[in-house]
Each structure stands twice: as C-alpha cells, then as structure tokens.
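Chain by chain, the residues run as shown.
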Amino acid sequence: NAGVMQNPRHLVRRRGQEARLRCSPMKGHSHVYWYRQLPEEGLKFMVYLQKENIIDESGMPKERFSAEFPKEGPSILRIQQVVRGDSAAYFCASSPGPGLTYGYTFGSGTRLTVV
Amino acid sequence: KNEVEQSPQNLTAQEGEFITINCSYSVGISALHWLQQHPGGGIVSLFMLSSGKKKHGRLIATINIQEKHSSLHITASHPRDSAVYICAVSPTQETSGSRLTFGEGTQLTVNP
Numbered sequence: 001n002a003g004v005m006q007n008p009r010h011l012v013r014r015r016g017q018e019a020r021l022r023c024s025p026m027k028g029h030s031h032v033y034w035y036r037q038l039p040e041e042g043l044k045f046m047v048y049l050q051k052e053n054i055i056d057e058s059g060m061p062k063e064r065f066s067a068e069f070p071k072e073g074p075s076i077l078r079i080q081q082v083v084r085g086d087s088a089a090y091f092c093a094s095s096p097g098p099g100l101t102y103g104y105t106f107g108s109g110t111r112l113t114v115v
Numbered sequence: 116k117n118e119v120e121q122s123p124q125n126l127t128a129q130e131g132e133f134i135t136i137n138c139s140y141s142v143g144i145s146a147l148h149w150l151q152q153h154p155g156g157g158i159v160s161l162f163m164l165s166s167g168k169k170k171h172g173r174l175i176a177t178i179n180i181q182e183k184h185s186s187l188h189i190t191a192s193h194p195r196d197s198a199v200y201i202c203a204v205s206p207t208q209e210t211s212g213s214r215l216t217f218g219e220g221t222q223l224t225v226n227p
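If you read the protein sequences in the order shown, they are chains A and B. Under this note's numbering, think of the first position of the first sequence as 1, with each following residue one higher. Under this note's numbering, think of the first position of the second sequence as 116, with each following residue one higher.
In case anyone wonders, no lab produced these hints; they're calculated from the structure. Beta carbons are placed, not taken as given, at the ideal position from N, Cα and C, and that holds for glycine. Possibly wrong hints are sitting among the right ones.
[What the hints assert, rightly or not] Computed beta-carbon distance windows for the label pairs:
(1) A:G28 - B:N125: 35 to 41 Å
(2) A:G28 - B:E118: 28 to 34 Å
(3) B:E120 - A:N53: 31 to 37 Å
Extracted from the complex, chain A is given alone in its bound form (with noise of 0.2 Å):
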C-alpha cells in the first residue's frame, strides 16, 4: 500500500508560466483534499474532490487555481501564471469516505518555489 503519492516532491516555475501538481489517493480512497501551507504559516484549506465532481472549492483562489480528479489517473492543482506568492507547500489527503468519518491520510507534499 503505497500511501498518498505526490509528485513531483520539489517544483520550480518561473513567473508567469503553469504549475501542475498530482495526487495519488490511496487505493480505493475516493475523497481527495488539497491544502495549502505558506512559508510560515499554518495549513489552509483549498479544495475537496470526490471522483469526478468538486464538492467543496471554497478554499481556492478565484483566479488562476483550478482543480480535477477524473475517473481515472490522479488528482491534479494547476496554477495558471504563477506568481511568487504562489510558492508554498501544497498538501493532498485522502480519505475513503467523507474525512469526517473516515479520517485523513496525508501525502508528503509538493514544494512549489517561483523564481
């Protein structure tokens, strides 16, 4: 059982170009969540997945963030036009079920730093 597998673990983007990033839920873990953490902060909330349908994007920026998880393949954060400010640590979690119920296992992030 592989866990929850991000990748790439490190990113480098220069401003204005795409960021993409994947998660791979455990085996038949279904939920996906994205969280964002910035240099020196805590953890924050961007996005909430199940297979196919986004439930909960109240977390994510209005402009340039967007994210999917399609039926089949990994989810995917894209960022659009990255600018400095994009560059933290962006963590996924998955859950078989609603995390309420089932909690969360965490990934071990992707680095993102835009130069």
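Based on these hints, arrange chain B on the given structure of chain A.
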C-alpha cells in the same frame, strides 16, 4: 482571532521529559485531529477524536468538548519526536462536513 489556537508555539525539552501541547478552539466541531509534520517531510495523522482519550504508544490525546480544549501528551520523549505538531478541527458548520481548520502548529525540539 484564529478558530484554532495552539500553545506553546515552540517547545524545547530534554530527552525523557513528559510533554504537553495544548489546543483550544472556538467553533463547534465534529472531530479534532492531531497531526505530526517532520522538517521537509509529509504530514502524519496521529489521532482523530471526538470525545475522551486515545492512546498510541507513548502518545496520548485528550479532548474536553465542553471546554473546547484538547491536549497531546508525549511520555518519555525522544529526539525522534522532534517535529511540528498540528491541531486541526472539523467544524460542524462546514457544509461539506469534511474540511479541516488548522492551528499554527507547535515546534517541538527534544534534545539528547
């Protein structure tokens, strides 16, 4: 004011000491989580609790729902316990019922 407050922010202990990290929250919750984050590493879920007390090895987590307070205790601390410990809650008012709200974390350093 944050909905989840942790204390202390930083804690340094000697190996073998008993450690307590506190978490207070201001919202109604369905569950409270304690997480561990090592430097440059991922996040590990230690406990999820909604009442009473849970124990796993040298770690003990307690929660008092009436006082909106939880504590994480580490007995016989060891340098490998050095990490950031994060308290997180599942607020009952969250419409999706599943998103977490996090405290700022407590940086624990255990010296040999």
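Evaluation of the provided hints:
Under the hint 35 to 41 Å, the C-beta atoms of A:G28 and B:N125, about 38 Å apart, fit the expected range. For A:G28 and B:E118, the Cβ-Cβ distance of about 31 Å falls inside the hinted range of 28 to 34 Å, so the restraint holds. Here the CB-CB span from B:E120 to A:N53 is close to 34 Å, well matched to the stated 31 to 37 Å.
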